[in-house]
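*Asks:* Those protein sequences? They're chains A and B, same order as listed. FYI, in the working numbering the residues of the first sequence are 6 to 516. FYI, in the working numbering the residues of the second sequence are -8 to 151.
Because the hints were derived from the structure by calculation, they are not lab data. These numbers come from a predicted model, not from an experiment. We put the CB at the ideal spot given by N, CA and C, even for glycine. Please note: incorrect hints may appear among the correct ones.
[What the hints assert, rightly or not] Just a sample of chain A residues kept apart from chain B, beta carbon distances all over 10 Å, derived:
#1 K7
#2 Q41
#3 R44
#4 W74
#5 K166
#6 L190
#7 I215
#8 R456
[Unchecked claim] In silico lysine-lysine, DSSO-like type, Cα no more than 30 Å apart, as pairs:
#9 B:K124 with B:K109
#10 B:K52 with A:K37
#11 A:K37 with B:K135
[Said to hold, decoys possible] To be clear about the criterion: a stretch of chain A counts as covered by chain B if any three or more of its residues have a C-beta under 8 Å from a C-beta of chain B, and this derived list gives those stretches:
#12 31 to 39
#13 150 to 163
Below, each chain spelled out in residue letters.
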Amino acid sequence: MKIRTTCPLCPYGCGLELAGREGFFAGIEYIKDSLQEGRLCPKGNAIPFILSHPKRLYSPKLNSRDISWGETFFEVVKIIKNYRPENIAVGFDSYLTLEEKGDVIGFAQALGVKDIFYLNPENIAAYRIEGIKEPSFSDLKNSDVILIIGDLFSRFPIFAKPILDSQYEKKGRRLFVFDLYPSRLFGFADSSILLPFGREVEVFLKSEEILATFAEAKRGVLILDLTPGKFLNPLSLSLATQEFLLRCKGEKFFLPVWEREGGFAGRFVGDIAEDIGSGRIKVLLFFGEGSSLTTYLPSFEVNYLIATASFFADAKSFFPSFLLPVPHIVEREGNFSSFWGKVYKRGIPPFSGTKGIREIIGRIANDLGIVYNKGEVISRRIICQKEAEALMERRERFKERGDSAVGIHGDKRERSIYLVNDEEAIEYGGFFDKGDRIRISPKIASELQLREGERISIEDVMLRVETREGIPEDLGLVSLANPKVRRLFTCEIDKGTKEIIIRPVFKRIEV
Amino acid sequence: MKRIVLDLDYCIGCRSCESACAARFQEERRIRYGLVEKRMGGDRFVMPLACRHCEDALCLKSCPFGVIRRDEETGVIFQSGFECIGCSSCILACPFGVIERNLLRHISQKCDLCRDRKEGPRCVDSCVSGALKYLSEEEVPKEKIGVRVISRSPYWRRVK
Chain A
6 MKIRTTCPLC
16 PYGCGLELAG
26 REGFFAGIEY
36 IKDSLQEGRL
46 CPKGNAIPFI
56 LSHPKRLYSP
66 KLNSRDISWG
76 ETFFEVVKII
86 KNYRPENIAV
96 GFDSYLTLEE
106 KGDVIGFAQA
116 LGVKDIFYLN
126 PENIAAYRIE
136 GIKEPSFSDL
146 KNSDVILIIG
156 DLFSRFPIFA
166 KPILDSQYEK
176 KGRRLFVFDL
186 YPSRLFGFAD
196 SSILLPFGRE
206 VEVFLKSEEI
216 LATFAEAKRG
226 VLILDLTPGK
236 FLNPLSLSLA
246 TQEFLLRCKG
256 EKFFLPVWER
266 EGGFAGRFVG
276 DIAEDIGSGR
286 IKVLLFFGEG
296 SSLTTYLPSF
306 EVNYLIATAS
316 FFADAKSFFP
326 SFLLPVPHIV
336 EREGNFSSFW
346 GKVYKRGIPP
356 FSGTKGIREI
366 IGRIANDLGI
376 VYNKGEVISR
386 RIICQKEAEA
396 LMERRERFKE
406 RGDSAVGIHG
416 DKRERSIYLV
426 NDEEAIEYGG
436 FFDKGDRIRI
446 SPKIASELQL
456 REGERISIED
466 VMLRVETREG
476 IPEDLGLVSL
486 ANPKVRRLFT
496 CEIDKGTKEI
506 IIRPVFKRIE
516 V
Chain B
-8 MKRIVLDLDY
2 CIGCRSCESA
12 CAARFQEERR
22 IRYGLVEKRM
32 GGDRFVMPLA
42 CRHCEDALCL
52 KSCPFGVIRR
62 DEETGVIFQS
72 GFECIGCSSC
82 ILACPFGVIE
92 RNLLRHISQK
102 CDLCRDRKEG
112 PRCVDSCVSG
122 ALKYLSEEEV
132 PKEKIGVRVI
142 SRSPYWRRVK
């Protein structure tokens, strides 16, 4: 049996053909008439290995013990009935199809749950400044100059062919690379610059020679790798590069790329983690595929964690209350978001013993007796529309004030607070306003000779100081109007200038 | 007579060729992602290593049981995994070091240019950058192989 499908592991959407018999796929065939002309990266080539992985889940588990599906649904429905919607949170990750994401959101809304969280680098990609264009495949091939930020060839090797082809076909300065470490992509570049960790935006905007060459070219593509954990502030880098593109002459395109696996630790999960830490959320329903399960969820201490996974290896250190086996993303049918819109993927017969996420949700909703919006396809743009609008509004305000909205602070950057926003924590140097407060422990206040209510100047913005017991001595807390998104920061004191240096930490502390 | 040709200007070292080979032969990959060390300069270069299917094949000559044979039509040197006794003579004889030992089955494993597949070797089809090419002798001079050597950058395929 041969099934033609689309590789769902990254948003490029390579075509491939899986060969084997039902439930066991051992071979890959390369389709010459697909977008990438049959080529496949190592991830795509390893799909048969993933599908026949020895740790694949074949039956639901309750505290690492095998149980039947009927028993699982009975128990899960009982748990959901016992708790109020305020005590339940629903999460999902980027391993779901668009239809499944819509179902999860519809189900959570019908249940009355307001805490819906989303582990996904696509969130960062959704912050688009108006007027920024996405390139088509031919734009990538025909561009005069390509600027790459991040190690594109290691993470997305499939991009290599069009980039190298255009590099060799035309002569002249064409390929520029920025990265945190000298990758092999540097070898193919005409110019390459190392970005110091934590100061990516600043150094990027200071490399004037490269930026000027790029800005004057007729047609250029800027590719930004938004891989989790790669840059300290992927969102600020994304916004800074987009702002730079707006100032360029000629036709310029912006292509954010991301890996489907994993989210952003401490950024989007942090909001929900605080509510769980405070004891408000007691039941967590998580629909995903496994990698986020071992990365983020172990730190959540809830009464019941009901999660889905296709295979699970790390059972010794952490195990959710309920683990429901679901088909792997390769086995599921549906639409996926790609760089260039939606991609429809045909599924293959799933591993035996698994149930689809839509089926699981439908069964739970049926048993609970609730009706929800099925198959409402949500796009990544809609998810973040409100946040992006708020962000852009804020950016405009800073522009009016004459402040740089892209965070050029030079050497002063070290002293800037990373995030402050009423709605969303964004970790962005320069985004703070006069109404914001800074909370520090009494010990630090005494060292700085500050009193309650006094104002301190950080980057020309006067912030009101609040001293508060219970804040650890090495931490300062930037207050936000919305307590859900407050974060803690390490607080160092420059004894010479008596100024506070605040850097973000991804750590939850009960205040 | 078609052979795998490597264009180093395009190789990005993604190991897709190795992965494709492993996916077909199940743990018995026959193309290797070689690390060629240059002691003097301290630079290390990486490139895929595959069987050349030599005209005067030393592995074929060294095999004491005639397990390694030549396909007279295509010139492909292939080996029967069932008949191999695992004496490792071919591994010692190969001047390019591309024949490897399978530690599970205790036999040697050798590239046969995917004889089971009409379209040609899988590694060539899966190569993301087009560095691996499957060309006949007449086609090789037409391609610009080895013409665009990029040596401008100090980081050229340097692993640190």
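*Asks:* Broken hints, numbered, in rising order?
*Replies:* Hint check: 2, 3, 5, 6 and 10 fail, others pass.
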